[in-house]
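K.L.:
The chain contents come next:
There are 2 protein chains.
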Amino acid sequence: MRRYKCIISYDGTQFSGYQVQPNKRTVQSDLEHALQNMHKGEHIKIVASGRTDATVHALGQVVHFDSPLSIPVEGWKKALNSLLPDDIRVRSVEIVDPEFHARFDVKAKEYRYRLWMSEEPCVFKRQYTHHYPYPLNLNAMKEAAALLVGTHDFTSFCASKTEVQDKVRTIYLIKMEKQDNELILSFIGNGFLYNMVRIIVGTLLEVGSGQKEAKMMTSILAGKDRSLAGKTAPGHGLYLYQVYYEGWQE
Amino acid sequence: MRRYKCIISYDGTQFSGYQVQPNKRTVQSDLEHALQNMHKGEHIKIVASGRTDATVHALGQVVHFDSPLSIPVEGWKKALNSLLPDDIRVRSVEIVDPEFHARFDVKAKEYRYRLWMSEEPCVFKRQYTHHYPYPLNLNAMKEAAALLVGTHDFTSFCASKTEVQDKVRTIYLIKMEKQDNELILSFIGNGFLYNMVRIIVGTLLEVGSGQKEAKMMTSILAGKDRSLAGKTAPGHGLYLYQVYYEGWQE
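So the sequence lines, in the order shown, correspond to chains A and B. The first sequence runs 1 to 250 under my numbering. The second sequence runs 1001 to 1250 under my numbering.
Treat the hints with caution; some may be incorrect.
[What the hints assert, rightly or not] Covered by chain A, per the in silico footprint, the following chain B stretches (three or more residues, Cβ under 8 angstroms):
id, segment
1, 1008 to 1018
2, 1123 to 1130
[Stated by the list, open to error] Under 8 angstroms between C-beta atoms, here's a sample of chain A residues computed to sit facing chain B:
id, residue
3, ASP87
4, PHE124
5, TYR128
Source of the hints: derived by calculation from the structure; they are not laboratory data. We treat Cβ as the ideally placed atom computed from N, Cα and C, and that holds for glycine.
Please work from the sequences and hints to get the whole structure.
P.N.:
So this is what it looks like as structure tokens:
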């Protein structure tokens, strides 16, 4: 029995999220289906670094699984990609220590959120960016973002239907970069609560558009109340960009 | 009655091409359906600059139609976009001379073809580029392309199932540009035969990969035989980029 770690990417458009759900197409079920094919029908359980929601994309999701098959890693990659639909790709496969755990061993995660800033919508971007055609005060957004960096109780930035008790997380970095008509926000932290990145983006948009003041971030954090923060930005602008197992250093 | 000219873009992925076909989703039928909605169920015929095939995209397709409704052009754009699915967008609407004809008045057209050159496929590019993960000799491709520029009988680069008799066309320009992992080929000409751009791309790829010599373009043209040229490159890498009604000047 060997433990394998895979880095996978997926276009979230056609998935009801990562996690298995009855009668829905999910990333996990497609992956487990491909593995089942390779193991003569035996179910092989996959563990991911975390879930992603419907329409959310991934460039660097990480999963692990155990298998008795002795196939070289390049063979695993080829075999899995030949069995997977073309909106999921295995980018790499490596043999890891049997103690490695794709979820418990995560040291940091990087998410990106892409905003399409042009006044005109773009048919080619509609599933891959959130169209936000209004002017934004980037300086105010950066000021607000700086107040979120660090270790805080992010209750106000967490969907209320979560089961997690401890809502203290550390954000190491929030970066904003304009590329042509896109504004790309990067978030690196030791962990993110349910919908946390999307709620932060929604709140930063309210700051950028003047509906909220940047300095309000402090009182929103302190209030520990979801209703104080902004709307949850749509899933299709969000990318699980990278998962770090060795910690994150700027 | 007024004649309107619209520039439209569409993501070809979910369409069985531009032209109406029974029981298939096409760009024309979606556009005519939206217009019918605005005209109390009356059918409004749309004329395009030309057809595009299944999975082929458009950034600057041009159509015209006649309507008795007196709506300002911005109102037309808004109304049509609110009635259209989000993979078709009306980019602009203008009132034109009643003699304007979206097809007969075309002076030149520009197509682009996008190749994804990375060894690894990309889930986000799979519907928008043709994945070609092999090394290409760009100089040989440029040499071959130069032999196609000018006025020629393009019978060898035309799908055999066409009904067009006169296969003489003028290509003004073929350009190749490397952008990160993409190679983008641009084609401007006074008109293109059925599948002509895709067959030229397929043939240029055979030159770039060493299967054909660049100088063979001359004999392929002279042979007037489809079987002499290369394979038809897939539709999903192709974009109708712009339609010129005033002629084209470099």
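K.L.:
Of the hints stated earlier, which fail here?
P.N.:
No numbers; nothing is violated.
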